[in-house]
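Go ahead and model the full structure; you've got the sequences and the hints to work with.
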Amino acid sequence: MMTTVNPVNDSDVLLGKGKGLYEHSGNQRYRTWVAQTYPKYDAADSNASKMEIARSLVLKVPKQNPPGRFLGYDDKKQLYELNLEDKGDMKEAIAKTRRDFNNHRAYLKKATGHFKVNHCLEVVTKAEKKLEKARAELNAAKAELEKALQENEDAYSVEGDGTDDEENCGSPEIGYGSNLSQGERSPMPTLEELVGEDWVDAVMVAGCGEPPATTTTGTPSILVK
Numbered sequence: 034m035m036t037t038v039n040p041v042n043d044s045d046v047l048l049g050k051g052k053g054l055y056e057h058s059g060n061q062r063y064r065t066w067v068a069q070t071y072p073k074y075d076a077a078d079s080n081a082s083k084m085e086i087a088r089s090l091v092l093k094v095p096k097q098n099p100p101g102r103f104l105g106y107d108d109k110k111q112l113y114e115l116n117l118e119d120k121g122d123m124k125e126a127i128a129k130t131r132r133d134f135n136n137h138r139a140y141l142k143k144a145t146g147h148f149k150v151n152h153c154l155e156v157v158t159k160a161e162k163k164l165e166k167a168r169a170e171l172n173a174a175k176a177e178l179e180k181a182l183q184e185n186e187d188a189y190s191v192e193g194d195g196t197d198d199e200e201n202c203g204s205p206e207i208g209y210g211s212n213l214s215q216g217e218r219s220p221m222p223t224l225e226e227l228v229g230e231d232w233v234d235a236v237m238v239a240g241c242g243e244p245p246a247t248t249t250t251g252t253p254s255i256l257v258k
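If you count the sequence shown from 1, you need to add 33 to reach this note's numbering.
Derived from the structure by calculation, the hints contain no laboratory data. Keep in mind the model is a prediction, meaning the values are calculated, not measured. Glycine is no exception: its CB is placed at the ideal position from the N, C-alpha and C atoms.
Straight-line Cα separation of at most 20 Å, EDC-like style, residue types lysine to aspartate or glutamate; simulated pairs:
# : residue 1 : residue 2
1 : K143      : D75
2 : K93       : D122
3 : K180      : E170
4 : K110      : E125
5 : K73       : E85
6 : K129      : D43
7 : K93       : D119
Here are the in silico distance ranges between beta carbons for each label pair:
#  : residue 1 : residue 2 : range
8  : T158      : K110      : 45 to 55 Å
9  : E161      : N98       : 49 to 59 Å
10 : K163      : V41       : 56 to 66 Å
11 : P72       : L92       : 13 to 23 Å
12 : N98       : R64       : 18 to 28 Å
13 : L164      : D187      : 31 to 41 Å
14 : R168      : A68       : 44 to 54 Å
15 : K163      : Q97       : 47 to 57 Å
Next comes the structure, spelled out in structure tokens:
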């Protein structure tokens with residue numbers, strides 16, 4: 034550790050806490066390095082590996098232009114510089130770097146937590162909207178079904194007018210010469226029954242020889258001249 038009289042430059046990393054130290058350009062750059070290296074640091078499977086990663090970041094500071102330093106303030110508010118050639122000072126710089134790694138881990142967890150909460154709220158909101166839409170569609174379909182059932186019930190429950198439908202439209206088919214009361218077909222009527230005996234006698238007297246033939250409807254097919 035040594036006291037420095039040189040002014041602080043933009044490449045220096047200031048030790049300690051406070052808004053001024055946090056916003057110093059050298060500290061901001063160093064936190065960027067920490068964030069970029071964190072995945073490798075977090076994946077390291079041993080403490081020795083993590084220590085070596087932190088040490089590699091410390092050694093990047095003096096390689097900048099202008100060269101950077103690790104600077105701190107003592108109890109008397111005097112500025113001092115860590116000597117990276119000194120084992121104790123290097124250990125202090127590495128410890129500071131590992132604290133930055135831990136702070137970055139906490140930041141990531143907090144950010145991820147906020148993301149998860151916001152994402153869950155978004156999912157719930159969308160699900161609620163879909164549920165409301167589905168409920169509205171279900172209610173509409175239910176109303177349509179109830180309406181259709183009511184119309185169907187009304188169509189089959191119309192009161193009758195006192196007549197027997199079977200007598201009106203359900204009776205057996207009635208053919209020519211049938212008995213209307215029982216629906217049974219009677220014998221074909223004779224010519225005399227259709228036109229009368231006097232008419233037949235008149236034809237015979239006129240010399241036609243035979244009574245006129247009848248059509249399938251039972252009416253004479255010729256007329257007497």
